[in-house]
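Participant: Residues per chain, in single letters:
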Amino acid sequence: MPLHRPSSETERRDEEFTAYLHARQPSLMRTAYLLTGDRHTAEGVLQTSLAKLYLAWDKVRDRDSVDAYLRRIMVNENNSLWRRAWKRREHATEVVPEWTPHHDEYDEGRNDALWDVVRSLPPKARAVVVLRYYEELSEAETADTLGISLGTVKSQCSRAIGTLRQRVPADLHPGRGQDS
Amino acid sequence: MGDELERRVRNLHEAPFDLDSVKGTAMKIRTKRRAAVAGGLLAAAAVVVPIAVIDPAQTPSQTATDPVVDPVDPEDPPAAGPALGFTYIEMGSGNAVLHLDDGSRIELPGPDYTGAAVLGDQVAAFRSTEDGQGAVDLVEDQAVTTTYEVRPPVAIAPDGRTIALITDDDELLVLNGEAGEQSFGAVDPDAVLAAFIGNGDCSLETGCHPFLEYGDLEREPFEVNYEGPDTRPVPGALRLNDAADGFLVTAQVSSSDIGSCGGLYDREGGGAVVFETCDSQVLDISPTGDFVAGTDPYGDGLGPTYFSILDRTGDEVARYEVERGFVYVDLAWSDDTHVVASVYQDAQWRVVSLGVDGASEVVLGPVDGTEMLNPFQVTGGYTG
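Taken in order, these protein sequences are the chains called A and B.
Residue numbers for the first sequence follow my numbering, so the first one is 1 and each next one is one higher.
Residue numbers for the second sequence follow my numbering, so the first one is 1 and each next one is one higher.
These aren't lab readings, by the way, just hints derived from the structure by calculation.
Ideal Cβ positions, reconstructed from N, Cα and C, are used throughout, including at glycine.
It is possible that part of the hints are untrue.
What the hints assert, rightly or not - Lysine to aspartate or glutamate pairs mimicking DMTMM-like chemistry, simulated, CA-CA at most 20 angstroms apart:
#1 A:Lys124 with B:Asp141
#2 B:Lys23 with A:Glu43
#3 B:Lys23 with A:Glu16
#4 A:Lys154 with B:Glu205
#5 B:Lys23 with A:Glu11
#6 B:Lys23 with B:Glu181
#7 B:Lys23 with A:Asp144
#8 A:Lys154 with A:Glu141
#9 A:Lys124 with B:Glu205
#10 A:Lys154 with A:Asp144
#11 B:Lys23 with A:Asp58
What the hints assert, rightly or not - Ranges between beta-carbon positions, derived for each pair:
#12 B:Ala186 with A:Asp38: 20 to 26 angstroms
#13 A:Asp112 with B:Ser255: 55 to 61 angstroms
#14 B:Gly271 with A:Pro122: 21 to 27 angstroms
#15 A:Gly162 with B:Gly270: 39 to 45 angstroms
With the hints as constraints, model all of the structure from the sequences given.
Facilitator: This is how it looks when you write it as structure tokens:
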């Protein structure tokens, strides 16, 4: 690999990366927010993940797999942040968001209650929930992204649903069984 | 639940980062990697030391003072050479040469390297420094691109594709060709690395498992795993000697003036001791976990006078005795049933392979040399 990349190659890479940013960044930001639980941390995780993706851009030859590659970086970054926070016994605090989460007229607080529970899950369990239910990855895709077994995905999902049912008041249960 | 999550972020449409900000962060990441070394940035920028792939068809130098073979044109792809099944570093009067288990060779940019991992296009090579500490050089495209000042030792994964290190400011890092640099944050300043298993992708549950211990042997070794919290890989252990896929760990559990006791512990299998023995010091675990290498539990002189193979009951099934010499205790398994070690005997160094059937053969050397300079630093074993 040459030490100094030809400028045309750099331009090509920058064009490709810019197109990817335009197409995917809002969606990636939403995933980062759900993984981290707060806006400030989400931006940090996404920025670092995008930078690492840029550094590895030429190695991700299959452009269809870029999202999966970046998801894995984001999960890793979030776990790394969590580890450091755990070591310091610190906890991230929610920064007042500049945007307002959507609330349905007839929500009756269910979304906020669910969100509180999701945010309280350990990072690995939260990642399983986000990838499985928000990104709508299959169990196999979720397992592959997180590098865990299919059985672990199933058990984590089951445990997360069980936790949600325990902590969310019965009258606010989402769909009453649709997730089981 | 998916609908609830989707509703939570439905109004979040922002794209806060443009190409310039991403590239700026990327530059900071690269700079941070270099700045992990006190004063290393200038050195990394100023010192461009070539490495080259060497024709593996040439035999290893036959005397410790022979010059290393001349590097070939790095544009030429390396030819496949005889695969010995283990990785070692050849040291002599010139630059150290890394011999990979598949027979290919890479000349390192200095004479003092004693360990190395192959990280894709890069080689991470460890050397001791004059202050008693160490450094890991990342070598790519014939140049040292980054230097990490580290607290030795480093730990190299069994497949030789990942290296774990603790920087001189106590940060535990894992370097892997695919996953890059990954940080576990700060660790206790008194803890040192003992072993590492996993494929090096720390986002995976089984990807990164560094095992650490304390040099004073007064506190129990520990592991940093995917879950984050520290765990105790072997209750009551003083020192960890090896770890293998499947979470088998060999450990020393007691030490006295007349010897030491240790054993094989199965962390996954309900946390059971497979065997304990005071007749051997238990070292490297075979790729299948069916055997472990052992040696004299009583350490004296320049090194023990034998190395051996134990089965899963702790019984010795094979032994290689060294007369008028000693074993250099850096062992590796070259396949499921053979362990290799370099030995010094009759003023010559050689690497000996010992099988579980008791048969042994010299696979490298002998070369003349002094007892203080082992020209064959065995650094890693069978990669499947």
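Participant: Going back to the hint list, which numbers does this structure go against?
Facilitator: 1, 7, 15
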